[in-house]
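Participant: Each chain, letter by letter, is given below.
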Amino acid sequence: MWRIQHEARASKEQAMRIISLTICFILAAAVSLYAAVGCDLNDPDRDVARLFPGSTGYKTIYVSIDKKGGKELLQRIEQRLGDSFQGIFETIDVPYTLYQVYRKKDLIGYIHGVNQKGQYGGIQVFLALDLEGNIKAFYFQKLTSRHASKFRDHQFGEQFIGLNLKDFNSYDVRSGKITGPSRVENIKNPVPEAETDFRASLRATKKNLILVDEFLLGNKYLKHFRTGGER
Amino acid sequence: MKEKGRQMIRARNLKKIYPRGSEEVYAIDDVSLGVGEGEFISVIGPSGSGKTTLINILGCLENPSSGQLELDGKKIFDEGKFLSEAELTRIRREMFGYIFQKFYLIPTLTVLENVMLPYLFYKAPGAEERVRGVLKLLGIEHRRHHLPGQISGGEMQRVAIARALVNEPRILLADEPTGNLDSKRAQEIGRVLRELNDKKGLTIVLVTHNAELAAISQRTIELRDGRIHRETISALPGLPSG
Amino acid sequence: MISLSQVAYKNLLRKKTRSLLTVIGISLSTWVLVSLLGFNRGYQSSLNRDIDQLGFQVLLTAKGCPYEAATLMLKGGTGLRYMQESVMDSLRKEPEVEGVTPMLMQALFDPNKGESGGITAYLGVDPQTFPRMKSLLQFRQGGWFTDPDAKEAVMGYEAAELEQREVGDLLLIPEKNVELKVVGVLKRTGTQDDGTIFVPLRVVQKVFAKENQLTGVGIKVKKEASIDRLEQKLYDLPDVQVVSLAQVKQTIMSLVSSAKVLVFSIALVAILISVVGVVNTILMSVLERLQEIGILKSMGAMAWDIVKLIWLETLILCLAGGMLGTGLAIATAHLTDILIRQLLPYAPTGGLIHIDLGLIFLTLAVMIFIGLVSGIYPAWKAGRVRPLEAIRSEVE
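Residue numbers (this note's numbering), protein chains in the order written: chain Y, 1 to 231; chain W, 232 to 473; chain P, 474 to 869.
Please note: incorrect hints may appear among the correct ones.
[Unchecked claim] Counterexamples of contact, computed for chain Y against chain P with all Cβ distances above 12 Å: (1) K68; (2) K71; (3) K117; (4) N134; (5) A137; (6) L143; (7) S149; (8) A200.
[Stated by the list, open to error] Sample of chain P residues at the chain Y side, in silico, Cβ under 7 Å: (9) N585; (10) E636; (11) Q637; (12) E639; (13) V640; (14) L645; (15) E648; (16) L718.
Calculated from the structure, these hints are not laboratory results.
This one's a predicted model, so the numbers in the text were calculated from it and none came from an experiment.
Even glycine gets a Cβ: it sits at the ideal position worked out from N, Cα and C.
From just these sequences and the hints, can you work out the full model?
Facilitator: Structure, rendered in structure tokens:
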């Protein structure tokens with residue numbers, strides 16, 4: 001008698017397990033844990049307003065190097081950067097998201113973000129730029145670091161305001177050295193032990209500015225690279 | 232001058248009754264007639280006289296209620312003997328060609344294809360040649376690739392006639408063939424029928440209310456109220472009467 | 474010499490709009506039928522593949538919802554229950570068992586992840602047994618770790634991409650402040666493994682202070698053995714829950730089957746609607762052509778010839794509609810596939826909507842059958858027409 005009851009209960013439990021497991025399985029499959037490729041703002045409505053106070057709207061466009069100019073374009077970008085595109089994630093077909101920011105009907109600036117390898121994880125650097133290509137705001141959307149708080153602090157980002165690609169032309173991303181007069185000198189690393197991540201942020205910024213110049217500004221700064229360049 | 236030939240059609244005491252409500256209507260009431268081989272007769276009468284019913288029965292499109300019908304010596308209808316649809320179809324195919332007031336050409340088929348239609352259902356060798364021959368005979372060969380919408384009314388009726396002839400029937404039945412044509416075209420068709428009869432010896436039974444058209448035949452039978460009222464021989468001499 | 478089918482085809486051309494509308498109607502229901510059947514197949518095969526990817530047939534876990542990622546999503550990394558490692562010894566003794574692999578899942582809140590921080594999960598696995606069981610996993614870069622005590626990690630593709638980690642890079646376990654070296658990055662699988670960070674079991678146990686504890690054991694059953702019998706035995710173990718992935722597959726299959734029933738009902742309704750449409754069209758055209766049919770009969774057409782003609786007209790309509798609908802389905806399948814792929818980063822490789830030749834032939838056969846069935850009544854009615862209909866002109 002007891003045995004029968006036990007078996008009945010056991011099979012009911014079994015049924016419940018199966019059902020709950022199945023639901024979990026389905027939920028797990030349905031939940032997408034990670035965002036897609038490329039570098040989008042997590043919440044564009046909120047972030048555009050925050051990075052560009054006074055804006056009323058924005059338009060999003062997607063560009064990738066292979067579609068825009070292929071291998072030739074990639075080579076030119078790499079030359080301007082002073083470093084090649086590396087690894088399995090920094091590839092020619094990565095889609096870049098560019099935000100055109102408007103106040104009513106007028107275009108007032110751009111927002112662009114890039115992915116960059118940091119010491120322990122991925123870094124996402126977003127820049128808000130005016131129509132001339134000057135930095136108006138600097139934003140770490142993602143930063144995995146022991147010292148993340150210091151970098152995310154607004155004091156760090158403020159060091160970038162007003163700079164443009166002309167300043168970064170003299171910054172050598174490989175060595176971390178500045179080869180000519182440039183306002184990049186004024187950007188200080190708040191955490192000496194985090195040199196890798198500091199340099200990564202600068203590389204990300206330079207890459208970001210180059211891509212904006214190529215995709216949106218019509219290579220306004222290219223002449224500065226050609227004349228003042230290290231090569 | 233034609234000799235007295237075979238009787239193509241021999242009809243005796245034909246009756247056709249339609250029930251209408253509680254009454255019986257006699258569409259044909261005791262009609263007897265004969266048509267010799269190579270004869271051209273016409274059946275006239277006012278509307279409701281039963282001429283279409285008569286031609287239907289003669290043409291095996293309908294069973295009579297009673298009476299006898301022999302075609303080319305073969306018994307078709309007799310007291311108590313009625314034929315199935317399938318048997319009637321076979322007889323129709325071998326004996327008759329039909330033309331009607333409406334031309335009934337298929338509008339999406341060319342003249343040539345329309346005339347070829349009977350051969351869809353009745354395979355016979357030499358079909359193509361016969362079709363060309365019949366088109367030539369009716370003078371419409373030059374229209375063979377046209378659609379019915381592109382030719383005149385008279386030409387359309389000639390296509391219908393060609394289609395009726397392509398099986399080489401023994402008898403041509405024409406029910407108001409000129410009803411949809413103007414007088415000029417009507418005369419044309421009349422001439423065509425006349426020629427078919429003279430030159431080819433085709434037996435023709437023509438139903439019409441057009442007295443002028445009836446005049447081209449050799450003998451005219453007038454029906455009234457389902458009965459033969461009068462028979463008239465036309466001006467042409469030496470032709471046998473029924 | 475013309476053929477009956479040519480005549481049938483040209484007859485349909487006489488009322489172009491009507492024929493076109495009927496064809497469109499049929500094509501729409503065909504489109505529905507083919508798309509639904511194709512989705513069914515595609516979904517089913519990708520589901521099968523997902524489940525097969527799991528590698529082991531039976532999963533033993535401590536009580537609580539065992540599916541790692543789901544647990545974390547639902548409970549935020551807490552609430553996991555543990556099993557003792559010693560469980561593995563008794564398992565190995567079972568004759569049905571071919572191999573076992575221990576697993577320990579741990580999660581941490583990482584304040585740097587995403588907007589306001591997120592959960593990072595680490596799955597501790599045994600380098601000697603785990604890779605063998607999950608032999609379907611392929612590497613984009615590098616390979617599995619071999620030393621059970623090494624502070625190394627293998628990352629699923631999405632996990633690596635998010636952190637831009639490649640072989641040779643460092644990974645930091647927050648809170649515990651431990652550095653791991655990435656030795657392998659997996660290729661995309663379309664399953665949760667894409668978001669998982671695999672670490673040697675002993676390292677996870679040490680770092681999270683869960684020595685000798687596991688959250689799950691994967692069991693590979695011998696080919697000839699009975700999974701059911703093994704499961705029965707496992708139910709008797711204390712504090713342990715048996716998840717038969719074979720049963721999960723069955724449950725999901727039965728869910729899919731009931732979805733299938735729904736799908737087929739919809740398709741059936743669609744077919745019925747088109748049958749009605751076809752019958753209506755052909756019947757109308759027959760009734761309009763009674764006189765003409767009579768003439769054809771006077772020309773020597775037998776009833777069967779007329780029936781053939783009408784049936785041919787019906788068949789042509791159905792086949793035209795069927796082909797158009799199938800074409801539509803194939804075109805939109807590709808579109809839908811792209812759409813789904815854009816929306817779900819987890820869409821498995823290989824089409825979600827699977828339309829192969831077999832399905833196309835099946836559909837065309839169905840359309841022909843429909844054509845024959847819908848044509849029965851109008852064709853029969855047409856066959857019965859007596860030539861007299863033609864002669865009953867307006868005159869008499």
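Participant: Would you pick out the hints that fail for this structure and give their numbers low to high?
Facilitator: Violated: hints 3, 6, 7, 8, 13, 15 and 16.
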